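S.K.: Build the full structure now, drawing on both the sequences and the hints.
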Amino acid sequence: MSPAQLLIALNTMLRKDMVRIFRIWPQTLLPSMVTSVLYFLVFGTVLGSKIGAVGGVPYMAFVVPGLVMLAVVTNAFSNVATSFFQSKFFVRSIDEILVSPMPAWLMLLGFIAGGVMRGVLVGLLVLLVSFCFALPGMPHPMFVLLFLLLSATLFALGGLINGIYAKSFDGISIVPTFVITPLVYLGGVFYSVHALPAWAQAITYANPLFYLVNGFRYGLLGYSDVNIVVCVAVLLAMLTVMVGAAWWQLKHGFGLKQ
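Counting from 1, position 43 in the sequence shown corresponds to residue 1354 in our numbering; the numbering is continuous, with no gaps.
What the hints contain is simulated information worked out from the structure, not anything from laboratory work. A quick note: this is a predicted structure, and the numbers were derived from the prediction, not measured. Hints are not guaranteed to be accurate.
The calculated label-pair distances, taken between Cβ atoms and stated as ranges, are [unchecked claim]:
hint: 1; residue 1: Ala1513; residue 2: Gln1316; range: 49 to 55 Å
hint: 2; residue 1: Val1540; residue 2: Ser1503; range: 18 to 24 Å
hint: 3; residue 1: Pro1414; residue 2: Pro1342; range: 34 to 40 Å
hint: 4; residue 1: Arg1326; residue 2: Pro1412; range: 30 to 36 Å
hint: 5; residue 1: Val1552; residue 2: Pro1414; range: 19 to 25 Å
hint: 6; residue 1: Pro1337; residue 2: Ser1411; range: 29 to 35 Å
hint: 7; residue 1: Gly1366; residue 2: Asp1481; range: 38 to 44 Å
hint: 8; residue 1: Pro1412; residue 2: Gln1338; range: 30 to 36 Å
hint: 9; residue 1: Leu1349; residue 2: Thr1323; range: 15 to 21 Å
hint: 10; residue 1: Leu1550; residue 2: Phe1442; range: 25 to 31 Å
hint: 11; residue 1: Pro1412; residue 2: Lys1478; range: 24 to 30 Å
Derived lysine to aspartate or glutamate pairs resembling EDC-like cross-links, with alpha carbons at most 20 Å apart [unchecked claim]:
hint: 12; residue 1: Lys1562; residue 2: Asp1406
hint: 13; residue 1: Lys1327; residue 2: Glu1407
hint: 14; residue 1: Lys1478; residue 2: Asp1406
hint: 15; residue 1: Lys1327; residue 2: Asp1406
hint: 16; residue 1: Lys1399; residue 2: Asp1481
hint: 17; residue 1: Lys1562; residue 2: Glu1407
Think of the CB as a built atom: it goes at the ideal place given N, C-alpha and C, for glycine as much as any other residue.
M.R.: Now the structure itself:
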């Protein structure tokens, strides 16, 4: 395929997803904003006045990065998983894509692009909502952008892999509900890891989402419970594994070709 044809193919796949996202915006964009407002009111306003500051950061501002990251990863994951599942079992458009001359890397990019866009967009909307409750200084905007984009990409890839394996809608709702959300909540969204006993700290350090939350918190607030270099290294390592796994599955049609 020529560069122009590659661009047309990518634009077509992305446009399909974006039209769906904005057409049903009360389902794709609004829920995370409403949920975040409730979290800010309950955990920030009510509990924040009692807790005070964490690491010199006001508690209301402390919880902002975790809530933004929760919105980013869940929306990026669910968008790709749902879209891919529908293409595979209902619309059957996956068949046309697999027999097209598109290379595997372009299919991969096309499938996750919509999830990345939705994750980043919802994350920015939640961040805007947070400005009504707290005003983060954002001392490291490049890290904010890095963790926003790469975290959305990472979980869009996860959504793609989940969509490939899923055999029903229950299969694409289990992971966000029972895996992603608990890992984010237990990744230091509402507390500092230093406030935990030693055994709980060890478990938290084994949680990969702990590093995503703290990396984003460092960019937004200049505070992190762990070295930012470690956060970036963990994010890049997970991203490398997920890219390789998703590309291999598309390349060989694993779980797709009947």
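S.K.: Hints first: check each against the structure and report whether it holds.
M.R.: These are the hints, each one checked on the structure:
1. Ala1513 <-> Gln1316: 49 to 55 Å: The hinted range 49 to 55 Å holds for Ala1513 and Gln1316, with Cβ atoms some 52 Å apart.
2. Val1540 <-> Ser1503: 18 to 24 Å: 19 Å, holds
3. Pro1414 <-> Pro1342: 34 to 40 Å: For Pro1414 and Pro1342 the Cβ distance comes to about 35 Å; the hint holds.
4. Arg1326 <-> Pro1412: 30 to 36 Å: Violated, at about 20 Å.
5. Val1552 <-> Pro1414: 19 to 25 Å: 21 Å, holds
6. Pro1337 <-> Ser1411: 29 to 35 Å: 33 Å, holds
7. Gly1366 <-> Asp1481: 38 to 44 Å: Distance hint for Gly1366, Asp1481 holds at roughly 40 Å.
8. Pro1412 <-> Gln1338: 30 to 36 Å: Holds: the Cβ-Cβ distance is about 34 Å, inside 30 to 36 Å.
9. Leu1349 <-> Thr1323: 15 to 21 Å: Violated - the Cβ-Cβ distance for Leu1349 and Thr1323, about 38 Å, lies outside 15 to 21 Å.
10. Leu1550 <-> Phe1442: 25 to 31 Å: Roughly 29 Å apart at Cβ, these two residues keep to the hinted range, so it holds.
11. Pro1412 <-> Lys1478: 24 to 30 Å: 29 Å, holds
12. Lys1562 <-> Asp1406: 14 Å, holds
13. Lys1327 <-> Glu1407: Distance of about 15 Å is within 20 Å: holds.
14. Lys1478 <-> Asp1406: 16 Å, holds
15. Lys1327 <-> Asp1406: This hinted pair holds, its Cα atoms lying about 16 Å apart.
16. Lys1399 <-> Asp1481: 15 Å, holds
17. Lys1562 <-> Glu1407: 15 Å, holds
Comparing the model with each numbered hint stated earlier shows that hints 4, 9 do not hold.
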